[in-house]
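Undergrad: For reference, the chains in residue letters:
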Amino acid sequence: MARGHRRRIPVFSYIIRRLISAVILLLIVSAVTFGIFFLLPKLAGQTTDQLAQQYIGKAPTPADIAAVKKNLGLDKPVYEQYWDFLKGIFVGVDYKFGPEAARCNVPCFGYSFKTHIEVWPEIQSRLPVTMSLAFGAAVVWLVSGISTGVISALRPGSIFDRLSMGVALAGVSLPMFFTGALALALFTYQWPIFERSDYIPLFENPFLWARTLVLPWVTLAFLYSALYARLTRAGMMETLGEDYIRTARAKGLHERKVVVRHGLRAALTPIITVFGMDLGLLLGGALITEQVFSLQGVGAFAVQAITDNDLPKVLGVTLLAAFFIVLCNLVVDVLYAAVDPRVRLS
Amino acid sequence: MTDSSENQTEPAAKAGKAAKAGKADKAAKAEKAVKAEKAAKGSEAAQPAAAGAAGPPTAFLEVRDLKVHFPTDDGIVKSVDGLTFSLEKGKTLGVVGESGSGKSVTSLAVMGLHRASRQQRSKVRMSGEIWLDGKELVGADPDEVRRLRGREMAMIFQDPLSALHPFYTVGQQIVEAYRVHHDVDKKTARKRAVEMLDRVGIPQPDKRVDDHPHQFSGGMRQRAMIAMALVNNPELLIADEPTTALDVTVQAQILDLIRDLQKEFGSAVIIITHDLGVVAELADDLLVMYGGRCIERGPAAEVFSAPQHPYTWGLLGSMPRIDRDQTDRLIPVKGSPPSLINVPSGCAFNPRCPYADVPKDDVTRTVRPELRQVAGGHFSACHMTQEERERIWTEEIAPRL
Ligand SMILES: Nc1ncnc2c1ncn2[C@@H]1O[C@H](COP(=O)(O)OP(=O)(O)OP(=O)(O)O)[C@@H](O)[C@H]1O
Ligand code: SF4
Ligand SMILES: [Mg+2]
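First to last, the protein sequences are chains G and H. Okay, so the first sequence: first residue is 1 according to this note's numbering, each after it adds one. Okay, so the second sequence: first residue is 1 according to this note's numbering, each after it adds one.
None of these hints come from the bench; they were simulated from the model. All of these numbers come straight from a predicted model, not from anything done at the bench. Note that beta-carbon positions come from the ideal geometry of N, C-alpha and C, so glycine has one too. Where hints are given, some of them may not hold.
Claimed, not checked - Using 30 angstroms as the maximum straight-line C-alpha spacing, the simulated DSSO-like pairs for lysine-lysine come out as follows:
hint: 1; chain 1: G; residue 1: K257; chain 2: H; residue 2: K191
hint: 2; chain 1: G; residue 1: K257; chain 2: H; residue 2: K91
hint: 3; chain 1: H; residue 1: K207; chain 2: G; residue 2: K257
To be verified - Rough simulated footprint, nothing fancy, chain H against chain G, three-plus residues with beta-carbon under 8 angstroms:
hint: 4; segment: 148–156
hint: 5; segment: 192–203
hint: 6; segment: 245–252
hint: 7; segment: 333–341
Claimed, not checked - Pairwise CB distance ranges, derived in the manner of DEER restraints:
hint: 8; chain 1: H; residue 1: Q253; chain 2: G; residue 2: S173; range: 56 to 66 angstroms
hint: 9; chain 1: G; residue 1: P175; chain 2: H; residue 2: S162; range: 53 to 63 angstroms
hint: 10; chain 1: G; residue 1: P121; chain 2: H; residue 2: V184; range: 58 to 68 angstroms
hint: 11; chain 1: G; residue 1: L174; chain 2: H; residue 2: S345; range: 47 to 57 angstroms
hint: 12; chain 1: H; residue 1: K186; chain 2: G; residue 2: F160; range: 31 to 41 angstroms
hint: 13; chain 1: G; residue 1: V339; chain 2: H; residue 2: T366; range: 55 to 65 angstroms
hint: 14; chain 1: H; residue 1: K186; chain 2: G; residue 2: F12; range: 18 to 28 angstroms
hint: 15; chain 1: H; residue 1: Q253; chain 2: G; residue 2: K257; range: 44 to 54 angstroms
hint: 16; chain 1: G; residue 1: F160; chain 2: H; residue 2: V184; range: 35 to 45 angstroms
hint: 17; chain 1: G; residue 1: K257; chain 2: H; residue 2: D256; range: 32 to 42 angstroms
hint: 18; chain 1: H; residue 1: S162; chain 2: G; residue 2: V91; range: 50 to 60 angstroms
hint: 19; chain 1: G; residue 1: L163; chain 2: H; residue 2: V184; range: 42 to 52 angstroms
hint: 20; chain 1: G; residue 1: H254; chain 2: H; residue 2: Q253; range: 50 to 60 angstroms
Let the sequences and hints guide you as you build the complete structure.
TA: This is the structure in structure tokens:
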């Protein structure tokens, strides 16, 4: 009995510990991000008056400005503003400036005074696009990247190996602008296999959903496949030289099982780590891909916000990206523990 | 026990295979030239005729003129270069020799582990014959050898921590080894794994079966390794330095275990080690390797009591003894192991041999000594005459040991 406990408890306590540290990490990341966005205008030499002015129409009176400053707490110290921001996430915020008033609902991740929209609903409406793009591409690159890497590792120096590693090198070094534009030129304009169209929700029409996304998936996955193929190949080459691989062969196992069950299983751990990072980043918006294929996702939103110098929007997107990265890392840590039993106990 | 690399004709198929690569062709030619030269010198080999060297042997395991070469960027590494020995069921063969003498490469060759994957096959050149229970393995289909692996022959590796997969439980790994060769369900296999763990002396085997290797101590891991190797009742067990990674008391336990298990199952055992103490206890026969070749072999008792090769004297001299201070090693072998790419001409041991000038005409540096019979099954490869060797042994070496 005692042994059963010894095995199970570490897993739970490990997950709890990871969960707590993820929350702490999220707080730190959001504080730092908030701090930077607080500092940025100051570094650019803007006064709070000028800041306040941005929130109002064309010709504000000094009284208007003072009212806005008071209402938005622009004169408050940074930690108080951060606290207000956090509070806003859970209770929402009411803004009053000049003649106008606005309500930013729970969860309030900021309010764009320039465009008079709440940041969160806007992001929310764009998330399905970005998620479809990220998850779809991830499936494509995991399958193609890992299988290419494994086959290459099994036959280093072979034609397949050299060819695929050559393509991989191209994939890593060619910019998305180029590959994306090329894909569009070939498969949308030259041979209109994948017509250009707006995003179509998955539950509306799965077929059309996939069809609009195939090109972005493949273009994005091309870059990542290349990285993952190289990563997998290197990892496999290393693990296939391990002593336990020799042991597996000494049992009389079929080589295929040796490679997959013993080799790949061990080579996957570093890949999982990198994958967590990559997916987290992508969920925060695939800036270039969304641009190239005119997808209205979070990335396009971010680009627009930056161009407009709309700080509340930029802050919202940045925090979202941070949230996804922390979340993906948490998932990675848990996966890691599932894969490598040594992790749970240390 | 037969040996005569000169007389042996490699099976045509294998020669053809070796000749495929241009380099191999050259090497083969050079080899032939050397052989011819030696044949011309007149083989003074006073050993039994090579028993035709063609048909299947009578011994359970017979290795004939085994060569394992690895072509590398620096040249061809001749890790094993003409090795011949045989082993009967129920007997233990001890293989000794310093680091790099080709002990592991030999055992992996017997297991077919130089040719398990496509990649490995492209990196090794093997010739000679390995007969296991009437089947020849060097020329056999790798998949056929794979099916023998783990069932007819099994291996215990040196470092049990790195040799066990860190992500699978000990039980899973033993179960896997069993199910490769037995069509049984997981439950049955697990019962068998627990039984084996119990047999090798792991306490609470039904609980420990679910532990991962890192939860075991070094000695327990080696026991688990042994359980895994024995799970299919192999007839040949190869233990490659099974105790080097362990502390002294555990070493003794593991050796006892191997001995007990051998008695129980009557399998043939090859035990590889640099520790002569280990073989002194376990081995019936002894094979001393130097630079990829056998330089002395014979019944362990004889090799220990009347060794017939200067290198063996050196090994015995450097053997730590319980009744002496560990640091008080008598006649260590001076110098470093030979390069396996440019093996010294003549006797590979000549740069380090204190007696290299005893045989006349510098023959030691020009002609490679072949194994010659000393008495019964005792062979040694040294140019000195038997009288010279016996005199040096009894007058100079033995008194100092
Ligand atoms: N795959 C390989 N490619 C090239 N050289 C190899 C290969 N495997 C072994 N060798 C070389 O063959 C030689 C003999 O190695 P081997 O492992 O058999 O030595 P050993 O007698 O077992 O030594 P140790 O006591 O250190 O284990 C070494 O010099 C080694 O570098
Ligand atoms: S042949 Fe010569 S060098 Fe070799 S062991 Fe004998 S005496 Fe020494
Ligand atoms: Mg070795």
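Undergrad: Each of the hints needs a verdict: does it hold here or not?
TA: Hints versus structure:
Restraint check for K257/G and K191/H: the C-alpha separation of about 23 angstroms stays at or below 30 angstroms, so the hint holds. Of the pairs offered as hints, the one joining K257/G and K91/H is violated, with about 34 angstroms between alpha carbons and a cut-off of 30 angstroms exceeded. With a C-alpha separation of about 27 angstroms, the suggested pairing of K207/H with K257/G holds against the 30 angstroms cut-off. Using a Cβ-Cβ cut-off of 8 angstroms, 3 residues of the segment 148–156 of chain G lie near chain H, which meets the minimum of three, so the contact claim holds.
Three residues within the 8 angstroms Cβ limit are the bar, and the segment 192–203 of chain G against chain H gives 0, so the coverage statement is violated. A stretch counts as covered by a chain when three or more of its residues have a beta carbon under 8 angstroms from one of that chain; for the segment 245–252 of chain G and chain H the count is 7, and the coverage holds. Only residues whose beta carbon comes within less than 8 angstroms of a beta carbon in chain H count, and the segment 333–341 of chain G has 3; three or more means the coverage holds. Between Q253/H and S173/G the C-beta distance comes to about 58 angstroms, which sits within the given range of 56 to 66 angstroms.
Between P175/G and S162/H the beta carbons are some 42 angstroms apart, a value that contradicts the proposed interval 53 to 63 angstroms. For the pair P121/G and V184/H, the beta carbons lie near 60 angstroms from each other, so the given range of 58 to 68 angstroms is met. For the pair L174/G and S345/H, the beta carbons lie near 56 angstroms from each other, so the given range of 47 to 57 angstroms is met. At roughly 36 angstroms, the beta-carbon separation of K186/H and F160/G lies within the given 31 to 41 angstroms, and the hint holds.
Distance hint for V339/G and T366/H: a CB-CB separation of about 59 angstroms, consistent with the stated range 55 to 65 angstroms. Judged by the Cβ atoms, the range 18 to 28 angstroms given for K186/H and F12/G holds: they are separated by roughly 26 angstroms. Here the CB-CB span from Q253/H to K257/G is close to 33 angstroms, at odds with the stated 44 to 54 angstroms. Take F160/G and V184/H: their Cβ atoms lie about 38 angstroms apart, and the range 35 to 45 angstroms holds.
Between K257/G and D256/H the beta carbon distance is about 34 angstroms. The supplied range of 32 to 42 angstroms therefore holds. The beta-carbon spacing between S162/H and V91/G, approximately 56 angstroms, falls within the hinted interval of 50 to 60 angstroms. Distance hint for L163/G and V184/H: a CB-CB separation of about 43 angstroms, consistent with the stated range 42 to 52 angstroms. Take H254/G and Q253/H: their Cβ atoms lie about 35 angstroms apart, and the range 50 to 60 angstroms is violated.
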